[in-house]
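Undergrad: Position chain C against the provided structure of chain E, taking the given hints into account.
Here are the chains, one letter per residue:
There are 2 protein chains.
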Amino acid sequence: MREVFQQELSEVQDRLVKIATEATETMELATEAFLNSDVALADKALEKADANEAHALELDELVIRVLATQGPVAGDLRILVSALRMSASLERMGGLAGHIAAISRFRYPGSAIPDVVRPVFEKMSELDIALGRRCVEVLKNTSLDEAAQIAEADDEVDRLHKQVFDIVLADDWKENAIFTVDVTLASRYFERFADHVVDISDKVRYLNTGDWREN
Amino acid sequence: MREVFQQELSEVQDRLVKIATEATETMELATEAFLNSDVALADKALEKADANEAHALELDELVIRVLATQGPVAGDLRILVSALRMSASLERMGGLAGHIAAISRFRYPGSAIPDVVRPVFEKMSELDIALGRRCVEVLKNTSLDEAAQIAEADDEVDRLHKQVFDIVLADDWKENAIFTVDVTLASRYFERFADHVVDISDKVRYLNTGDWREN
Chain E
2 MREVFQQELS EVQDRLVKIA TEATETMELA TEAFLNSDVA LADKALEKAD
52 ANEAHALELD ELVIRVLATQ GPVAGDLRIL VSALRMSASL ERMGGLAGHI
102 AAISRFRYPG SAIPDVVRPV FEKMSELDIA LGRRCVEVLK NTSLDEAAQI
152 AEADDEVDRL HKQVFDIVLA DDWKENAIFT VDVTLASRYF ERFADHVVDI
202 SDKVRYLNTG DWREN
Chain C
2 MREVFQQELS EVQDRLVKIA TEATETMELA TEAFLNSDVA LADKALEKAD
52 ANEAHALELD ELVIRVLATQ GPVAGDLRIL VSALRMSASL ERMGGLAGHI
102 AAISRFRYPG SAIPDVVRPV FEKMSELDIA LGRRCVEVLK NTSLDEAAQI
152 AEADDEVDRL HKQVFDIVLA DDWKENAIFT VDVTLASRYF ERFADHVVDI
202 SDKVRYLNTG DWREN
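Chains as they are written, first to last, in this note's numbering: chain E, 2 to 216; chain C, 2 to 216.
Looking at chain E on its own, in the form it has when it is part of the complex (with noise of 0.2 Å):
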């Protein structure tokens, strides 16, 4: 019993690992989108977001299933009902990207980023996906310890995502407001992405480090 409950507790973690990737991806396919409205890209990242929130309900299902018939406590059920919330976070992270691949689509043949303000969302950009691979990391190998890592890159992208602002409200920004519009959105996606990788790393952290299976 004890030994299927541990492989039970490693597919779960091999899942969060898989679907934390497929985020990532999702981000990597929006921002080349985003960055050079290119609409293929753009519909390639919705679908995998798409299927990222389908990967996401379906480890849920497994998660209810594991506690269901394993009736886990102590550190097995908190490393479980962590999974949950650390599924939820994954799932909107790849609804983010999803949401910046639609902004470049709908903008389509034009660009969403007027010159001013692309090397800040390139510098973001770059960011996201770092963090997302660093959430990768972090929950394939549990013991690695990269919160001050990825509280930095977080802190970096909520400077950036001021900045935006900074240069959206100054006086010399003449863009209309479409770019108005699209620009405040999809920073703020960008910023939010940051803040559920920063989330899935205090879980993990929480969850005391060393591998689940000996939790």
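Rather than coming from a laboratory, the hints here were simulated on the basis of the structure. It is possible that some hints are incorrect.
Just so you know, same-sequence chains aren't split out, so a pair can sit in one copy or run between any two.
Claimed, not checked - Below, computed lysine-lysine pairings styled on DSS-like, alpha-carbon distance capped at 27 Å:
1) 45 <-> 204
2) 19 <-> 141
3) 45 <-> 175
4) 175 <-> 19
5) 163 <-> 175
6) 163 <-> 141
7) 141 <-> 204
8) 204 <-> 175
9) 124 <-> 19
10) 163 <-> 45
11) 141 <-> 175
12) 124 <-> 163
13) 124 <-> 45
14) 19 <-> 45
15) 124 <-> 175
16) 141 <-> 124
17) 45 <-> 141
18) 19 <-> 204
TA: Just chain C now, with coordinates in the frame of chain E:
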């Protein structure tokens, strides 16, 4: 043992009702602050959003304790897992209301809303508050099936959200970028608040209605 468990499930339900009430009150305060540039109410809304977050986390701890001590299966397990998800939605609803309050606080003593979009925001906030109240009712009396009315109100919020963009993106929109940013974000927050009510109502329905204690 069974009797204790029933009491615990009732307690979970009672707390969900309380947190939903609190999230709705937060939106009432935030809306009032936002529409009337009332900074004192904005502060109250932000305080309530913080309290709401704390209460949601306390509920999560209670649910985990019940899961650990009762090892529930089948319908009971689904109720508890759903309670965790609903608690996350309710916490976000309070947070979104807090964001709306923060916008009005940030623009004080000016208003965040140009006259041309004011009627749309009045209607949207009215719908959000009504949705929050329906959410409370559905959690209180889980056999109540308000799904159709909730979906209808949510569709209307989505329509108003699009209308905000139509106004902002029309040729005669002459407001500066500050207004465009505020209006874009506020509209998004109102729209997400309504989405969460739909999620909660769907979950309650999924739990197959009827009194939870008889599930």
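Undergrad: Now look at each hint and say whether the structure bears it out.
TA: Status of the hints after comparison with the structure:
no.	hint	result
1	45 <-> 204	neither (30 Å within a copy, 30 Å between copies)
2	19 <-> 141	within (9 Å within a copy, 38 Å between copies)
3	45 <-> 175	neither (33 Å within a copy, 36 Å between copies)
4	175 <-> 19	neither (43 Å within a copy, 47 Å between copies)
5	163 <-> 175	both (18 Å within a copy, 24 Å between copies)
6	163 <-> 141	neither (32 Å within a copy, 41 Å between copies)
7	141 <-> 204	within (14 Å within a copy, 31 Å between copies)
8	204 <-> 175	neither (43 Å within a copy, 46 Å between copies)
9	124 <-> 19	within (25 Å within a copy, 42 Å between copies)
10	163 <-> 45	between (29 Å within a copy, 25 Å between copies)
11	141 <-> 175	neither (46 Å within a copy, 51 Å between copies)
12	124 <-> 163	within (13 Å within a copy, 30 Å between copies)
13	124 <-> 45	within (22 Å within a copy, 36 Å between copies)
14	19 <-> 45	within (18 Å within a copy, 42 Å between copies)
15	124 <-> 175	within (22 Å within a copy, 31 Å between copies)
16	141 <-> 124	within (26 Å within a copy, 47 Å between copies)
17	45 <-> 141	within (26 Å within a copy, 42 Å between copies)
18	19 <-> 204	both (17 Å within a copy, 26 Å between copies)
Against the hints set out earlier in the document, violations occur for numbers 1, 3, 4, 6, 8, 11.
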